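Take these sequences, add in the hints, and give me the full structure.
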Amino acid sequence: MNDTPDSPDPYCLMTEIILLRQSARDHDISDDEFTARLQAFLDGFSKQ
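Using my numbering, you'd call the opening residue of the sequence shown number 1 and step up by one each time.
The set of hints was computed from the structure by calculation and includes no laboratory data.
Among these hints, one or two may not hold up.
With beta-carbon atoms standing in for the labels, derived distance ranges [said to hold, decoys possible]:
(1) Ser46 with Leu19: 16 to 22 Å
(2) Asp32 with Asp9: 16 to 22 Å
(3) Asp9 with Asp43: 15 to 21 Å
(4) Asp9 with Ser30: 16 to 22 Å
Just so we're clear, the structure is a prediction, and the values are computed from it rather than from any experiment.
Backbone N, C-alpha and C fix where the C-beta goes; we use that ideal spot for every residue, glycine too.
Below, the structure is given as structure tokens:
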């Protein structure tokens with residue numbers, strides 16, 4: 001296991017995605033729009 005504080009916790013990331021999905025549904029964001037936003041988020045996340 002990698003215990004460095006810089007490495008993201010995959011469970012934390014998954015929870016974040018679930019919360020984003022619920023929020024998107026609450027605001028009537030389409031699945032396609034959500035997918036595009038999620039992809040942009042993950043692209044930015046992986047470049048850190």
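Against the structure, the hints come out as follows:
As the Cβ distance of Ser46 to Leu19 is approximately 19 Å, the hint placing it in 16 to 22 Å holds. Take Asp32 and Asp9: their Cβ atoms lie about 28 Å apart, and the range 16 to 22 Å is violated. Checking the proposed 15 to 21 Å range against Asp9 and Asp43 shows it holds: the Cβ atoms sit about 19 Å from each other. Between Asp9 and Ser30 the beta carbon distance is about 29 Å. The supplied range of 16 to 22 Å is therefore violated.
When held up to the earlier numbered hints, the structure conflicts with 2 and 4 and fits the remainder.
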